[in-house]
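Asker: Protein chains in written order, with our numbering: chain A, 1 to 322; chain B, 1 to 322.
Hint data in this document are derived by calculation from the structure and do not stem from the laboratory. Hints may be right or wrong, so weigh each one.
[To be verified] Straight-line Cα separation of at most 20 Å, SDA-like style, residue types lysine to any residue; simulated pairs:
1) A/K307 / A/A4
2) A/K149 / B/K149
3) B/K149 / A/Q36
4) A/K235 / A/A272
5) B/K107 / A/D84
6) A/K276 / A/K307
7) A/K149 / B/D27
[Said to hold, decoys possible] Just a few of them, taken from the derived set where beta-carbon distance is under 10 Å, the chain A residues facing chain B:
8) N28
9) I86
10) V92
11) G95
12) A96
13) G106
14) R121
15) I134
16) E145
17) L273
18) A275
19) K276
20) L301
[Claimed, not checked] Which bits of chain B does chain A cover? Going by a derived footprint, with three or more residues having C-beta under 8 Å, they are:
21) 25 to 32
22) 56 to 69
23) 112 to 119
24) 239 to 249
25) 258 to 264
No residue lacks a Cβ here, since even glycine has one placed at the ideal position from N, Cα and C.
Protein chains: 2
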Amino acid sequence: MVQAWHECISSELERVEAVMNDVTRSDNPQLREMCQYVLSNHGKRIRPAITILSYYSCGGRDAKRAIDVGAAIELIHNATLIHDDINDQGEVRRGAKALYKEYSLGKSIVAGDYMFALGFRLIGSAAPAIVDYIVEAASAMGTGEFSQKRYERNVAVGEPQYMNIISGKTARLIECAAKCGAYLAASDEMEIVDRVGEFAFRTGQAFQIVDDVLDVIGYEDNTGKKPGNDILEGKPTLPTIYAIEDPQVGPRVREVFEDPHATSADAAEAIALIAKTDAAARCLDKAKVLVEDAVPLLEPLPASEYKDSLIELARFIAARDR
Amino acid sequence: MVQAWHECISSELERVEAVMNDVTRSDNPQLREMCQYVLSNHGKRIRPAITILSYYSCGGRDAKRAIDVGAAIELIHNATLIHDDINDQGEVRRGAKALYKEYSLGKSIVAGDYMFALGFRLIGSAAPAIVDYIVEAASAMGTGEFSQKRYERNVAVGEPQYMNIISGKTARLIECAAKCGAYLAASDEMEIVDRVGEFAFRTGQAFQIVDDVLDVIGYEDNTGKKPGNDILEGKPTLPTIYAIEDPQVGPRVREVFEDPHATSADAAEAIALIAKTDAAARCLDKAKVLVEDAVPLLEPLPASEYKDSLIELARFIAARDR
Numbered sequence: 001m002v003q004a005w006h007e008c009i010s011s012e013l014e015r016v017e018a019v020m021n022d023v024t025r026s027d028n029p030q031l032r033e034m035c036q037y038v039l040s041n042h043g044k045r046i047r048p049a050i051t052i053l054s055y056y057s058c059g060g061r062d063a064k065r066a067i068d069v070g071a072a073i074e075l076i077h078n079a080t081l082i083h084d085d086i087n088d089q090g091e092v093r094r095g096a097k098a099l100y101k102e103y104s105l106g107k108s109i110v111a112g113d114y115m116f117a118l119g120f121r122l123i124g125s126a127a128p129a130i131v132d133y134i135v136e137a138a139s140a141m142g143t144g145e146f147s148q149k150r151y152e153r154n155v156a157v158g159e160p161q162y163m164n165i166i167s168g169k170t171a172r173l174i175e176c177a178a179k180c181g182a183y184l185a186a187s188d189e190m191e192i193v194d195r196v197g198e199f200a201f202r203t204g205q206a207f208q209i210v211d212d213v214l215d216v217i218g219y220e221d222n223t224g225k226k227p228g229n230d231i232l233e234g235k236p237t238l239p240t241i242y243a244i245e246d247p248q249v250g251p252r253v254r255e256v257f258e259d260p261h262a263t264s265a266d267a268a269e270a271i272a273l274i275a276k277t278d279a280a281a282r283c284l285d286k287a288k289v290l291v292e293d294a295v296p297l298l299e300p301l302p303a304s305e306y307k308d309s310l311i312e313l314a315r316f317i318a319a320r321d322r
Numbered sequence: 001m002v003q004a005w006h007e008c009i010s011s012e013l014e015r016v017e018a019v020m021n022d023v024t025r026s027d028n029p030q031l032r033e034m035c036q037y038v039l040s041n042h043g044k045r046i047r048p049a050i051t052i053l054s055y056y057s058c059g060g061r062d063a064k065r066a067i068d069v070g071a072a073i074e075l076i077h078n079a080t081l082i083h084d085d086i087n088d089q090g091e092v093r094r095g096a097k098a099l100y101k102e103y104s105l106g107k108s109i110v111a112g113d114y115m116f117a118l119g120f121r122l123i124g125s126a127a128p129a130i131v132d133y134i135v136e137a138a139s140a141m142g143t144g145e146f147s148q149k150r151y152e153r154n155v156a157v158g159e160p161q162y163m164n165i166i167s168g169k170t171a172r173l174i175e176c177a178a179k180c181g182a183y184l185a186a187s188d189e190m191e192i193v194d195r196v197g198e199f200a201f202r203t204g205q206a207f208q209i210v211d212d213v214l215d216v217i218g219y220e221d222n223t224g225k226k227p228g229n230d231i232l233e234g235k236p237t238l239p240t241i242y243a244i245e246d247p248q249v250g251p252r253v254r255e256v257f258e259d260p261h262a263t264s265a266d267a268a269e270a271i272a273l274i275a276k277t278d279a280a281a282r283c284l285d286k287a288k289v290l291v292e293d294a295v296p297l298l299e300p301l302p303a304s305e306y307k308d309s310l311i312e313l314a315r316f317i318a319a320r321d322r
């Protein structure tokens, strides 16, 4: 898939890297090294891209503030990933060892807190609304993680509960990235800010659905993660929920999902069973529909290459294979 | 010792409790329960007391903002304690089981992040200077923890390195508590804000020195912690640094401090040896001198019961036995 959505903001995304690099200069060499370790193994930088594209789409001109806020959100996102890996005992992140595996658990907790604080430092002097958006999203991540834990190995979880979990865990921060960008450009047009936010919120839900699909049909080469992790941990995901509904393979998938002693072999078996159902296809359809239904929300925005790129980015998210 | 410093602000401190109680109302019952667990086993609330006393000492009248900011700082402080206990494998906190021992490690990491975010939410709409003070202090805690780890079981650490570690780890947040209070009352008099901040910074150093002394001479009944923990973990503290200088007992204390396999019996032996030296007395003297030398910084403040209480609180901190 050609990914052109970032072309029109490539210099801004470079500046995001520079800002993150700059603020993680710590007095302590190892703390800096750990921040670099996390940031250098970098992801798609989807959140800052959404902030900047939203900013320009809403008529912003000088992206300096949007770049700072985008960098702040990316730092906060990476801070939560550090803690998530500890939490989920995830050993690999984007094809490299998780931070706590490379360094230590204790140091990684502190490094995560530190990156969290650096993110807040970057937005410290921003408008109160921006600070509010970000802290709301940050606390929603906490409740999302907890709801997820509550439904671990629990077949009572259905699609509504799942959508609720991923809203807090993932979609709120992506919504926040968009609202910050829109607000910086058009704080006098709150309806626009809300529309762009809602567009990104649904895109964020699509993002997590695809992420969860990749755990059951993804290739390790692409995702840098061993597939089957989620089911092994009893983490409720939409493909599993759909597969459990299947009259043929459902009962066995359910068994593995509920079993706290499930082995890697069980997980591999469950994944092979899920692959026989239409669960993944239904999920990808749902992700696509979420994004397509959200596109009209952006109608009031004037036509621009940034608006086109924002939509393209959302479609990329719903169809990505890594 | 009579502790009267909180009498003149007792209703404000109750309001701090109410604010913290209020903001930790989460959608997720267990997340709320965990926050309550941490907050109900409450400490001395020294940080909010310093914020409120600084606020009134500098001429503030309506303490609402100071109460919110004090509650925010206390939430952030408690968030770091949750993570510190995981980090240090501390099993007991204020006489009760550490959160991660009562719940799980993963949940406790998230609960800490959540309380951190709630703290920032409370200050979200405060003046940019307040946000700046708090994020600076929060990131200093990260670097302080790292410097401490760097000097673990390392006899190269002397008094200057130790003072540097405790500045980041403890004194900066206490300084921040005071500066926020002073700023809310007298943002047009930055010299006053800085003086009150410096007073609290030195008080914060004294606080940590006494804390470290209590680890070697404290009684478990008072502190709720088993003494000797620090030396067992190879954590550099001032009483240990002083004791290692002692020609008689120094070499053995050093041995235990450096030994990653030191047992509880070794730690108990080291503590008994430290007790034979003047290390604890020297530390307590230093704490007292830090506070007394800082008192004149408050001279420009008009006489008031709040100013008296602020000084009394600092003296209490330097002489407390728990």
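Asker: Which hints, by number, does the structure contradict?
Answerer: 2, 6, 10, 11, 12, 17, 18, 19, 20, 22, 24 and 25
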